Amino acid sequence: MTGKLMELDHVSRTFPVGNLRVRAVNNVSLAIERGEILCLVGESGCGKTTTGRIVAGLLKPTAGRILFEGRDIWAMDDKGFKGYRKAVQIVHQDPYASLNPVHSIYKILSAPLFRHGLAVTQQEAQIKIRELLQIVDLTPPEEFLDKYPHQLSGGQRQRISVARALTVNPRFIVADEAVSMVDVSIRVSLLNMLSRLKDQLGVTFLFITHDLALAKYFAWEGRIAVMYLGCIVEVAATPRLINDPSHPYSRALLSALPEADPELTRTKKRVVLRSLDVPSLLDLPSGCTFHPRCPQFREGLCERQAPELAQIGDNRYVACHLVAPGMAS
Amino acid sequence: MEGHKGGLRPPNQVIKGGFAPLTPRGADTTLSVQDLWVEYRTRRGTVKAVRGVSLDLCRGEALALIGESGSGKTTLGLSLIRLIPRSARIRAGRVIYRRDGQEYDVLSLGSEDLRQFRWKECAMVFQSALNALNPVLKVWDQVYDTASAHRQAYAHRTRQRALDLLRLVQLDPERVLRSYPHELSGGMRQRVLLAMSLLLDPQVLILDEPTTALDVLTQRAIIDVLRRLRKELEFSLILISHDLSLAAELADRVATMYAGAIVEIGDVYETFYRPRHPYTLGLLRAVPTVTGQMRDLASIPGCPPDLVNMPSGCKFHPRCPYADSRCQEEELELAQVGRGHAAACFHWQQVQYELEAREGA
Ligand SMILES: Nc1ncnc2c1ncn2[C@@H]1O[C@H](COP(=O)(O)OP(=O)(O)OP(=O)(O)O)[C@@H](O)[C@H]1O
Ligand SMILES: Nc1ncnc2c1ncn2[C@@H]1O[C@H](COP(=O)(O)OP(=O)(O)OP(=O)(O)O)[C@@H](O)[C@H]1O
Ligand code: SF4
Ligand code: SF4
Ligand SMILES: [Mg+2]
Ligand SMILES: [Mg+2]
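Line by line, the protein sequences give chains X and L.
To convert, take the position in the first sequence, counting from 1, and add 22; that gives this note's numbering.
To convert, take the position in the second sequence, counting from 1, and add 1057; that gives this note's numbering.
The shape of chain L in the complex, shown without the other chains:
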């Protein structure tokens, strides 16, 4: 693969400054999001879809974004590559991308640089992308289009790379390249999209609900393929899914989103076994597992807030069993609750205490 010579131009100014406190020590970050605010303007009012999100994506790591429908996961993902719809506006914040010792301010890239940035540096496979392939073009023509749009018109080399990637995602490359999308099953199309997203060797891959519409056996194939891709190629992964099991399978770290904000972030084992935010705990208690004992399950009462008219204080307080009057008045930022583990809750220690008491019992 050619270097990124035809890619991003060196920045005219190198950005310095403090970063979010949660970088695992020693790891270098590829993407840094700092206090990002994104909103949609609608007839009903302003939808505050992303509220003050800060996070660091380390080189080679897989970070899962979980949370209920409407919590802002997709909006956050789209903002990172600035593909938000017209009605949306990034109101504040910075997205810093790092490569080869250089820093780029993604939110101020010009249109040509931005085009290079997408796909070549940071690729995204969209939610319900199964219909994203052009129905009248054979897969090969689409691969070729993607490549040539980014000055990679070396047909031979592109083809070779496409063949390798298709093989990596367990498809018969010759057959797939000659097919029209409708001739492929949903799982095959999803794997084609995965392969295409990696065609230009991006450093960051964002997958939005990559297995949601797929059957169990197909989901398994996609998960195994992703695992293999991560082993063979070096990229960082942002995995957006409301499906906790996908995060449990593939993530190194997990960030829980609620009402546009990250309310908890930590190592995947920490998050699943030692959640500290009542919302993460609530999500975990709500999903059954098929293996193992019958667990006591419980739903989270109520429903997610309206992002136009949000509750005061902690946005989770109307549904939270730990809420008190303080929670109704004040909203906390993320604070450290363990090693590489942060939560935004006044009563995280009570959550800890109860979990430990339960385990001890």
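Only chain X is shown next, with the shape it has when bound in the complex:
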């Protein structure tokens, strides 16, 4: 079954900072299909985690709506909202911080099962937990049940975080830099495990990462959304975005990325930015917020009008005056 599962409808979120307000997420609209992987990429502080937390229902947007199967989650009754919070799980970056160090793996995984009535007896919990450990490739399960988080490697801990998210049979997972902290040598196996959840359990993913190469690998059949200073500046199918980016910021990011291949990385064509300084969210540039750095900056236009995210092709959206002319707001 396809169709929109999750929709962000003109979502914004500000935070008070002293007497000012930071605009962490600014008028974001996105739709995620059932069974799809959408990757959210962008530099530190651009609003990825805030967006992820809003999607997971952990943070209320200051404007806009989150629709799950067409229903506004903040207009749901208590029961509906509880169901939503179960259906959408988040896996965090730091497996060290997110697992209780004094609880055994069995305890960590059985607690949500009992809490949500998914297991009543210890025996039921045992069976379910063994299944979950198999799914996340921690085998044989008996070896892990009585261990504590500090007795596991970083990658194993991250697998436990995923298993915990899976206890409540989620339909949607927000993976926020879920593999960024583990060693490169084992990242791929974690990504493969997550892919299998999509294929076998039909889980839909919002995959948040600052690493475009990871996004490419994980979401090759999905889409990538590029975020800059709280706004989505480009959305496209992964192969298109990687091989032929449209927005000047996406191009800059891709060209700047160092690659693990000496010939390739030393001969790559580079986009030169006009400035290296990242503007403050408290004092955003006028018009297109990328204009002080954009090599294609057009004076008299870009600093005056903010470009809106506009469709420029099949399933392809860009917010730039030059790429999608005449779509100013």
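Everything labelled a hint here was simulated from the structure, so no lab data went into it.
Do not rely on the hints blindly, as some may be mistaken.
What the hints assert, rightly or not - Straight-line distance between alpha carbons at most 25 Å, and here's what the computed SDA-like set of lysine to any residue pairs gives:
#: 1; chain 1: L; residue 1: Lys1288; chain 2: X; residue 2: Ser277
#: 2; chain 1: X; residue 1: Lys129; chain 2: X; residue 2: Ile149
#: 3; chain 1: X; residue 1: Lys220; chain 2: L; residue 2: Ala1355
#: 4; chain 1: X; residue 1: Lys290; chain 2: L; residue 2: His1213
#: 5; chain 1: X; residue 1: Lys291; chain 2: L; residue 2: Glu1289
#: 6; chain 1: X; residue 1: Lys220; chain 2: L; residue 2: Asp1353
#: 7; chain 1: X; residue 1: Lys291; chain 2: L; residue 2: Ala1355
#: 8; chain 1: L; residue 1: Lys1288; chain 2: X; residue 2: Lys169
#: 9; chain 1: X; residue 1: Lys291; chain 2: L; residue 2: Asp1324
#: 10; chain 1: L; residue 1: Lys1195; chain 2: L; residue 2: His1213
#: 11; chain 1: X; residue 1: Lys291; chain 2: L; residue 2: Arg1352
#: 12; chain 1: X; residue 1: Lys169; chain 2: L; residue 2: Gly1127
#: 13; chain 1: L; residue 1: Lys1288; chain 2: X; residue 2: Leu286
#: 14; chain 1: L; residue 1: Lys1288; chain 2: X; residue 2: Arg296
Claimed, not checked - To list a few chain L residues with every Cβ distance to chain X over 10 Å, as calculated:
#: 15; residue: Ser1111
#: 16; residue: Ala1145
#: 17; residue: Arg1146
#: 18; residue: Ile1153
#: 19; residue: Glu1160
#: 20; residue: Ser1168
#: 21; residue: Ala1189
#: 22; residue: Asp1202
#: 23; residue: Arg1214
#: 24; residue: Phe1292
#: 25; residue: Gly1349
These numbers were taken from a predicted model, which means no experiment stands behind them.
We put the beta carbon where it would ideally sit given N, CA and C, even for glycine.
Starting from the structure of chain X, add chain L with the ligands where the hints point.
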């Protein structure tokens, strides 16, 4: 820049002796590490963090140290300038530093000479150094402190050098010198640290994970700055990073570390395109590139060994697809596998054979 008159005193004895076999012929070496062993004493037991490392750093070259977290890269770097924590001990080995035809035994320098050696001869920018700047001092005061601690208290000349270096790292010097660290972004601070590390014109610069916490565009700026610095100033660089792409960008040679030992070392192109050690091969197969085709990726199974209780034989054998019974019993030293290329593996020829067969296919 003044010569190194106020620097190291001439050694009372000149060291002679054989050196590691891997000096590219004709090149002169600035720093020679010979069979270095470093350990930490912990409640759990002895952590063998550096095990018998030998390597030569040539004048002007950039050598990258790669390897997973905990493989001993930082410990090795810190040992070279003897800044290891109290719980650590250099158990054996020598570090020979050469300048102007003189040789110095770094591990037996007295405290005053050692102070001169750091910064003036061999400077290091530490891992997660972004918080290393003193928050209550303006950048200029820190620059001045660094210089005067090394009898370079010629305010005028130091300032001039600082201005030049800051310009070289693409910063507005006047503005930066007047700022407090918190007024600068992470990338700006990293560039300030780079400039400061070069203030006393060291021959060797050690950078520990210089781009790890930084964004892509900032990383790019740092890489470009490093490239420019290397062109304009003559220093040798040791680049410590778990990020293979940084090595691919900047290194002339690459050394792979595993469980405290160097398991492969060679020219950067050799290492990336013709790896001979299964661990290096495994690392290369594990990282995606963004440009080019979708490659088949694979993780290395298992996880790095506990450096207190290490496996027998080749330390990689529990994770190695080529391992046989011999690997479980015996650990090899580095041996030549190509031009200026060495690996420590019984089955490097099989790795070669398979890579070539794959390419031919
Ligand atoms: N609770 C909060 N209070 C105030 N400001 C906040 C809060 N949460 C986030 N911010 C600010 O909102 C902006 C976006 O933060 P967010 O964590 O979403 O970015 P990110 O893209 O996830 O960055 P990173 O890649 O570093 O994780 C940042 O400037 C951050 O400082
Ligand atoms: N102060 C210390 N006391 C005890 N053990 C230590 C100490 N510092 C490092 N170690 C141990 O020494 C080994 C090597 O650590 P080191 O920091 O040199 O590795 P690294 O390759 O730099 O890793 P990373 O990529 O995580 O920085 C590890 O097993 C580590 O746990
Ligand atoms: S709108 Fe103008 S400044 Fe913004 S990305 Fe496009 S060309 Fe650059
Ligand atoms: S010596 Fe044996 S175990 Fe070690 S890397 Fe070579 S093949 Fe693998
Ligand atoms: Mg984040
Ligand atoms: Mg380190």
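Now the hints, each set against the structure:
Between lysine 1288 of chain L and serine 277 of chain X the alpha-carbon distance is near 22 Å, which keeps this suggested pair within the 25 Å criterion. For the hint pairing lysine 129 of chain X with isoleucine 149 of chain X, the CA-to-CA distance comes to about 14 Å; that is within 25 Å, so the pair holds. About 19 Å separates the Cα atoms of lysine 220 of chain X and alanine 1355 of chain L, which keeps this hinted pair within 25 Å; it holds. A distance of roughly 41 Å separates the Cα atoms of lysine 290 of chain X and histidine 1213 of chain L; the hinted pair therefore is violated under the 25 Å criterion.
Straight-line distance between C-alpha atoms of lysine 291 of chain X and glutamate 1289 of chain L comes to about 23 Å, which keeps the hinted pair within the 25 Å bound. Distance check on the hinted pair: lysine 220 of chain X and aspartate 1353 of chain L sit about 20 Å apart at the alpha-carbon level, within 25 Å; holds. Distance check on the hinted pair: lysine 291 of chain X and alanine 1355 of chain L sit about 28 Å apart at the alpha-carbon level, beyond 25 Å; violated. Proximity of lysine 1288 of chain L to lysine 169 of chain X is assessed by CA-CA distance (about 53 Å); at most 25 Å being required, the pair is judged violated.
Of the pairs offered as hints, the one joining lysine 291 of chain X and aspartate 1324 of chain L holds, with about 24 Å between alpha carbons and a cut-off of 25 Å not exceeded. At roughly 17 Å between alpha-carbon atoms, lysine 1195 of chain L and histidine 1213 of chain L fall within 25 Å of each other, so this suggested pair holds. For the suggested pair lysine 291 of chain X and arginine 1352 of chain L, the alpha carbons sit about 21 Å apart, so the restraint of at most 25 Å is met. The straight-line distance between the Cα atoms of lysine 169 of chain X and glycine 1127 of chain L is roughly 22 Å, inside the 25 Å bound, and the hint therefore holds.
This hinted pair checks out: lysine 1288 of chain L and leucine 286 of chain X have alpha carbons roughly 21 Å apart, not beyond 25 Å. With a CA separation close to 23 Å, the supplied pair lysine 1288 of chain L and arginine 296 of chain X stays within the 25 Å bound. Annotated as non-interface, serine 1111 of chain L keeps its C-beta farther than 10 Å from every C-beta of chain X; the closest such distance is 24 Å. With 10 Å as the threshold on Cβ separation, the claim that alanine 1145 of chain L sits away from chain X holds: the shortest Cβ distance comes to roughly 23 Å.
No Cβ of chain X approaches the Cβ of arginine 1146 of chain L within 10 Å, the least distance being about 26 Å, so the stated non-interface status holds. Even its closest Cβ contact with chain X, about 29 Å, leaves isoleucine 1153 of chain L beyond 10 Å, as expected for a residue assigned away from the interface. No beta-carbon of chain X comes within 10 Å of the beta-carbon of glutamate 1160 of chain L; the shortest separation is about 33 Å. Distance to chain X confirms serine 1168 of chain L as a non-interface residue, since its nearest Cβ pair spans about 37 Å, more than 10 Å.
No Cβ of chain X comes within 10 Å of the Cβ of alanine 1189 of chain L; the nearest lies about 19 Å off, and the non-interface call holds. The claim that aspartate 1202 of chain L lies off the interface holds: its Cβ sits roughly 27 Å from the closest Cβ of chain X, which is beyond the 10 Å cut-off. Consistency note on arginine 1214 of chain L: stated as away from chain X, and its beta-carbon is indeed over 10 Å from all of that chain's, at 29 Å minimum. With a closest Cβ-Cβ approach of about 20 Å to chain X, phenylalanine 1292 of chain L is found to remain outside the 10 Å limit, as its non-interface label requires.
Interface exclusion of glycine 1349 of chain L from chain X breaks down, the closest Cβ pair being 7 Å apart, not more than 10 Å.
Violated hints for the displayed structure, listed by number in ascending order: 4, 7, 8 and 25.
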